[in-house]
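Visitor: Sequence:
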Amino acid sequence: MSMKIIRVRMVLLLPLIAWILSAADAAATGDAVLDTTGESVETVTRLYNILPVLPGPGGGVTLSSPNGTCPLSVAQDVVDVSNGFPVLFWPVDSGYGDVVTESKPLNIMFSSLPVCTESSIWKLGDASGANGWRYVMTGGVFGDDKSLFSIEKYGGNYTLVFCGGTQVNGPHMGGLLGSGCGYVGVYSEAGQQWLGLSDEPFLVRFKRTVAMGGGQRKNEI
Numbered sequence: 001m002s003m004k005i006i007r008v009r010m011v012l013l014l015p016l017i018a019w020i021l022s023a024a025d026a027a028a029t030g031d032a033v034l035d036t037t038g039e040s041v042e043t044v045t046r047l048y049n050i051l052p053v054l055p056g057p058g059g060g061v062t063l064s065s066p067n068g069t070c071p072l073s074v075a076q077d078v079v080d081v082s083n084g085f086p087v088l089f090w091p092v093d094s095g096y097g098d099v100v101t102e103s104k105p106l107n108i109m110f111s112s113l114p115v116c117t118e119s120s121i122w123k124l125g126d127a128s129g130a131n132g133w134r135y136v137m138t139g140g141v142f143g144d145d146k147s148l149f150s151i152e153k154y155g156g157n158y159t160l161v162f163c164g165g166t167q168v169n170g171p172h173m174g175g176l177l178g179s180g181c182g183y184v185g186v187y188s189e190a191g192q193q194w195l196g197l198s199d200e201p202f203l204v205r206f207k208r209t210v211a212m213g214g215g216q217r218k219n220e221i
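Numbering (the UniProt record's numbering), first residue to last: 1 to 221.
Incorrect hints may have been included.
[Stated by the list, open to error] Label-pair restraints from in silico Cβ distances:
{"id": "1", "residue 1": "Ala32", "residue 2": "Gly132", "range": "30 to 38 Å"}
{"id": "2", "residue 1": "Asp126", "residue 2": "Ser188", "range": "19 to 27 Å"}
{"id": "3", "residue 1": "Ala190", "residue 2": "Val210", "range": "28 to 36 Å"}
These are computed hints drawn from the structure, not numbers from a lab. Note that CB positions come from ideal geometry on N, CA and C, so glycine has one too.
Using the sequences and the accompanying hints, generate a full structural model.
Guide: This is how it looks when you write it as C-alpha cells:
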C-alpha cells in the first residue's frame with residue numbers, strides 16, 4: 001500500500017477518532033448540573049440554596065430538629081418563600097473538577113451549624129419510629145457510605161439521590177436506581193417536611209449565592 005493512500009486514510013480517520021475521544025470524555029465526566037441562572041453548579045467554593053421546584057408546602061432546604069436536640073435533621077423551611085440554609089457540594093473524587101456533574105458521588109454540607117457540634121455533612125440516618133423512615137441528617141463523614149449522595153435528572157428537573165452501597169435497607173428504600181441507591185423525598189411530620197428516603201423524589205433546583213469568602217460574581221442573584 002502506497003504512503004499516499006495511507007495518508008489519505010489517516011486524514012479521513014482523524015475526525016472519527018476525535019469524535020470518539022470527545023464522546024468518551026463526555027461520558028466520563030457527565031453533564032454539568034445547572035443552577036437557576038443556567039450556569040454550572042460549582043464545587044467546594046460556592047454556596048447554593050436547594051429550593052423546591054413545586055411551590056409549597058415548605059421552602060428551601062434548612063436545618064431543623066424534630067425533638068429539639070442534636071444532631072439536626074434536614075428539612076424544608078416552614079416558610080414557603082424562604083431560601084433555607086446554604087450548602088456546598090464536595091465531590092468525593094477530586095478528579096471530577098470544579099463543577100458538579102450528574103450521577104457523580106458527592107458530599108453535601110451546610111456552610112455551618114449554628115448550634116450543634118457535629119459535622120455539617122449530610123448523612124442518611126438509621127430507620128426510626130413506627131414508620132421505619134430514614135431521614136437525612138447532619139453528622140456525616142466525608143466519603144463515608146452513609147454520606148454519599150448524587151444529583152440526577154428526573155424528567156426536566158433534578159432530584160437528590162442517596163447512593164451508599166449496602167446502607168440502604170428497611171421498609172422505605174425509596175425508588176431504587178440501582179443497588180444501594182434511592183431517591184431523597186420528603187415526609188410530612190409534626191408540621192414540617194423532612195428529607196429522607198422515599199418512593200417519590202423531591203424535585204429541586206439550585207440557587208447560587210455568594211462564593212466562600214464573600215466574593216461576588218457577575219450575574220449574581
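Visitor: Each hint should be assessed against the structure and marked as holding or not.
Guide: Each hint tested on the structure:
1. Ala32 / Gly132: 30 to 38 Å: holds, 36 Å
2. Asp126 / Ser188: 19 to 27 Å: holds, 21 Å
3. Ala190 / Val210: 28 to 36 Å: holds, 32 Å
Checked against the numbered hints given earlier, this structure breaks none of them.
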